[in-house]
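Visitor: If you read the protein sequences in the order shown, they are chains A and B. Residue numbering for the first sequence follows full-length UniProt numbering, starting at 1 and increasing by one per position. Residue numbering for the second sequence follows full-length UniProt numbering, starting at 1 and increasing by one per position.
Don't read these hints as lab results, they were simulated from the structure. All residues carry an ideal CB built from backbone N, CA and C; glycine is no exception. One or more of the hints may lead you astray.
Short, incomplete list of chain A residues facing chain B, as computed with Cβ under 7 angstroms [as the list claims (entries may be wrong)]:
| id | residue |
| --- | --- |
| 1 | F718 |
| 2 | V868 |
| 3 | D889 |
Each chain is listed here by its residues.
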Amino acid sequence: MTRIPGGLVDRSRTLSFTFDGTRYEGHPGDTLASALMANGVRLVGRSFKYHRPRGIFSAGSEEPNALVTLRSGARAEPNTRATCVELYDGLAATSQNRWPCLDFDALAVNDIASPFLAAGFYYKTFMWPKPFWEKLYEPLIRRAAGLGALGRDPDPDAYDKGFLHCDLLVIGGGAAGLAAALTAGRAGASVILADEDFRLGGRLLMESHLLDDGPAAAWVAAAEADLDTMPNVRILRRTTVFGSYDHGIFGAIERVGDHLPRPETVRQTLWRITARHSILAAGATERHIPFADNDRPGILLGGALRAYVNRWGVTPQARDSDRVAIFTDNDDGHRTAADLVARGVPVLAVIDPRRDARRFGEYQLFSGATVTGSTGRRSLTSIEITRDGRSDVLECAVLGVSGGWNPNVHLASHHRGRPQWSQAHQAFLPPADLPPGMAVAGAAAGHGSPHAALRSGAQTAARLLDCSAALLPHAEDAPLCQLPLWHVPGRGRAWVDFQSDVTVKDIALAHRENMRSVEHLKRWTTLGMATDQGKTANVTALGVMAELTGASVAQTGTTVFRPPYTPVALAALGGGDSGMTFRPTRLTPTHGFAVAHGARLVEAGQWMRAQMFPRAGETHWRDTVDREVMAVRAGVGLCDVTTLGKIDVQGADAGAFLDRIYCNAMASLRVGKVRYGLMLREDGFAYDDGTCARLADTHYVVTTTTANAGLVYSRMEFARQCLWPDLDVQLISTTDAWAQIAVAGPKSRALLERVVDGFDMSNAAVPFMSCAALTVCGGVRARLFRISFSGELAYEIAVPARYGNALMARLADLGQDLGVTPYGTEALSVLRIEKGHAAAAELNGQTTAQMVGMGRMVSTRKDSIGAVMSRRKGLVSDTRRLVGLRAIDPAARIPAGAHLFAQGAARVTATDQGWVTSACWSPHLKTPIALGFLADGAERMGETIVAANPLEGDEVTLTVTSPHFIDPEGDRLRG
Amino acid sequence: MLIPHPLLGPRDAQEFTYLGDAALLNRPEGGDEAAFHAYTHLRDNPAGPHRELWYHEQGDRSWLVVTRDTATHEIVAAELAMDVKGAAR
Chain A
1 MTRIPGGLVD
11 RSRTLSFTFD
21 GTRYEGHPGD
31 TLASALMANG
41 VRLVGRSFKY
51 HRPRGIFSAG
61 SEEPNALVTL
71 RSGARAEPNT
81 RATCVELYDG
91 LAATSQNRWP
101 CLDFDALAVN
111 DIASPFLAAG
121 FYYKTFMWPK
131 PFWEKLYEPL
141 IRRAAGLGAL
151 GRDPDPDAYD
161 KGFLHCDLLV
171 IGGGAAGLAA
181 ALTAGRAGAS
191 VILADEDFRL
201 GGRLLMESHL
211 LDDGPAAAWV
221 AAAEADLDTM
231 PNVRILRRTT
241 VFGSYDHGIF
251 GAIERVGDHL
261 PRPETVRQTL
271 WRITARHSIL
281 AAGATERHIP
291 FADNDRPGIL
301 LGGALRAYVN
311 RWGVTPQARD
321 SDRVAIFTDN
331 DDGHRTAADL
341 VARGVPVLAV
351 IDPRRDARRF
361 GEYQLFSGAT
371 VTGSTGRRSL
381 TSIEITRDGR
391 SDVLECAVLG
401 VSGGWNPNVH
411 LASHHRGRPQ
421 WSQAHQAFLP
431 PADLPPGMAV
441 AGAAAGHGSP
451 HAALRSGAQT
461 AARLLDCSAA
471 LLPHAEDAPL
481 CQLPLWHVPG
491 RGRAWVDFQS
501 DVTVKDIALA
511 HRENMRSVEH
521 LKRWTTLGMA
531 TDQGKTANVT
541 ALGVMAELTG
551 ASVAQTGTTV
561 FRPPYTPVAL
571 AALGGGDSGM
581 TFRPTRLTPT
591 HGFAVAHGAR
601 LVEAGQWMRA
611 QMFPRAGETH
621 WRDTVDREVM
631 AVRAGVGLCD
641 VTTLGKIDVQ
651 GADAGAFLDR
661 IYCNAMASLR
671 VGKVRYGLML
681 REDGFAYDDG
691 TCARLADTHY
701 VVTTTTANAG
711 LVYSRMEFAR
721 QCLWPDLDVQ
731 LISTTDAWAQ
741 IAVAGPKSRA
751 LLERVVDGFD
761 MSNAAVPFMS
771 CAALTVCGGV
781 RARLFRISFS
791 GELAYEIAVP
801 ARYGNALMAR
811 LADLGQDLGV
821 TPYGTEALSV
831 LRIEKGHAAA
841 AELNGQTTAQ
851 MVGMGRMVST
861 RKDSIGAVMS
871 RRKGLVSDTR
881 RLVGLRAIDP
891 AARIPAGAHL
901 FAQGAARVTA
911 TDQGWVTSAC
921 WSPHLKTPIA
931 LGFLADGAER
941 MGETIVAANP
951 LEGDEVTLTV
961 TSPHFIDPEG
971 DRLRG
Chain B
1 MLIPHPLLGP
11 RDAQEFTYLG
21 DAALLNRPEG
31 GDEAAFHAYT
41 HLRDNPAGPH
51 RELWYHEQGD
61 RSWLVVTRDT
71 ATHEIVAAEL
81 AMDVKGAAR
């Protein structure tokens, strides 16, 4: 055990957890990393490519090594950073990318094979024989590499999303962020303060600084209490602002339930924050210094070592006797040494390449020296120190490495602003062209001392909001002296990017292979492309590359920063919109009736429609559909057709407007009449069809197909507002306002006579293609349309939606002696195929009015959308026509989508003559029938052709017929 | 993105659907196929200020002409398409 006194963990309570099945204990306030450290666990994972043993490297969200799978079963979350996991009782974590176990990993053989696995190896080797790549090499490489594996079970947790607005968003709750929030909060601005940690304070919690002669944590607690009293300040803990988007919009993930054994409400919430101003106070991330074999467990960032000692009261030693050393090129490493000594952790040595380095406390200093190697199979046992060409081996188990601090400029660069190199800071600072409304404060802006961070936070907020800065405590303001050492030259492998297993040698190889642009370097070596996005690696790699090319780091530049700052679960981005809540479900007005009558439901876009109404004893869906079809043909059937779009068109120019929307004439339609209408796209192809009923001189109601209801409506609004705003016409969608029921079949008139309030239903009063307003069932407002999709005598009756279910039930009840039968979308489809009506499969965007046999409908006497382009030569010369197709063998099956060929023709594209659009069994004709488009179709009635389905290897011989399989003369319709 | 709706103030872009180049307002008159070909198929795709059509589908269903810099997403104007069309007459 390597707990030391102090720190911000609650030692009065003990939490129990497991790692790879072994039980350990920690305390509230611990992360999984600090708790593992406290239990002497040093080896926590295996590396991506070489399966090298890896330990905890950092104390924050930049962690490249300590990735574990958290939880199990459906809740298993791979690649979770142990440094960010808040410990809870019963936590269970497992290591990744090892087989059979973490201590002995068979694939560690990759490490021996490493000369063959250098940068870009998969572009160079495994090239021959060619088919082997897809079948053998790639699967093998993918199995050997990689980190955690996703579970296969559906995610059981709930997610949510929300919208927030504020005057000032403060990103980061460290010294600068707190000072900014206090300043803005006291000025009365609405403030959101977001921090990824579960405890506010940032680096202040991890340092030994005094603020106003007291511990920094005490000032943080007071500031937090102060902010809590301000109703205008909202603190979002455990919240990562992961992206900066246009117009002051930020994406943030709040981990609402991840610190609990099981989420109590939602697991994570996606916040979309719109902020007038924002202050990026995201702090800085420490660099390391690559040297030979610098990836052993026990080697970690110096600032992280200090953080574990100060905040968590723990050291990475396995035993108290384990010795600790520091390798640093700057003063910050000496601060770590001093803090350790002050906390009773002896420091064996500080190795500093600067010849003029000074000691900060009681420890041995090797100035002008570097660490040139290390040993230790599963964790560090010794380091090699080289000074002036002479090397010594020093036994130690812990090495803190400090290579300076990189401001976290990510969010400041999400709008493509390039960070600027600062010679004074030896680091990239935020770009000059920040996202509008953003300012950067604290260590993220290069103001790293507590004094500078506090002051810059307060002053930045004061400047943005034009108010006075909050009073701040006295704090240290020591300058940071550094002589950057980008890597220690040598023969061994020196890791730059731990998570992608990229070494200095890989960068040198990329350089030799002319991959010198940073973007090429990144892609050739995969540097910075792992889940940590190279937070601890990228700038170091740029320094190494700059050395190789002889350019400066500033000239070398950075790659592009893109959201997210840290990994975001896709489920959280979905914000809970999955499964049945992926989109709204729309229920038809007669849904209750359908369910009560045992309907099988089907999704039609957002709608749930009755697909069919199976009855007891029907063993196959065809039994049901055939019965429903024959009931319509012989008696009367009922079908809810509410889902078809209904658009109310009113105004003095309504007819003129519709004349331009439909390719056929509508202004000439007489009041009380209905006309079929076809819309074209502006490019001349057929778009959508429906009926157009003129209820009054200035009032039309048009219908659209179910699928295009919304699109046609927006298109009509486009025509009204953008093309012809001078026309006096208004539009409103009434799809949801009216329930519409198709009453179809020879007995439909007899049935409707029983519900209308004394309305004359005779053929003379309500002829085919007429409409009327009336009342039904003793005063319910209704609209009657005598139209037919089935080819039978048929009506559609519309009532206000709230009466739809009752009307359906009334009709079903009153028509029992007529054999009334509710029917679903399957029977509806069979009926329309038998009648040869075009539907979505025929109007699929690739067909013209001419092809569906309506070429003459396109009026040449007026302009309408698509009319001009429909007369293009290529469209007019197309000879394919909608035909009926009838199987010669009644036992055959016609596959929809099959292609049509002349008998004996080769089944190739060159001889392709068309395709089958819709097919069904016709219970009326007792044979399979279909609709399809056939070259020269109009002239080929009676010909025998073949429908081929080479994909499934079947073929069927067909007779070409008229698409109107029943009642081609229309006697039934008009009867 | 936020779109400054001329009647409703700043609205989230998620409430809108996008159509593209506002040149679609200028539908040719008469039967010239070449003019319709250009109208239907040819669009400018500038890096910089662009006048484009947005439909407030989840709102008041107005069509807007939004002037947006495609390089920065800065929106410098948003007008009702009806007004734009009316002013052009």
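Visitor: Could you run down the list of hints and mark each one as holding or not?
Guide: Now for the hints, and whether the structure bears them out:
1. F718: holds (6 angstroms)
2. V868: holds (5 angstroms)
3. D889: Hint violated; D889(A) Cβ to chain B Cβ min 45 angstroms, cut 7 angstroms.
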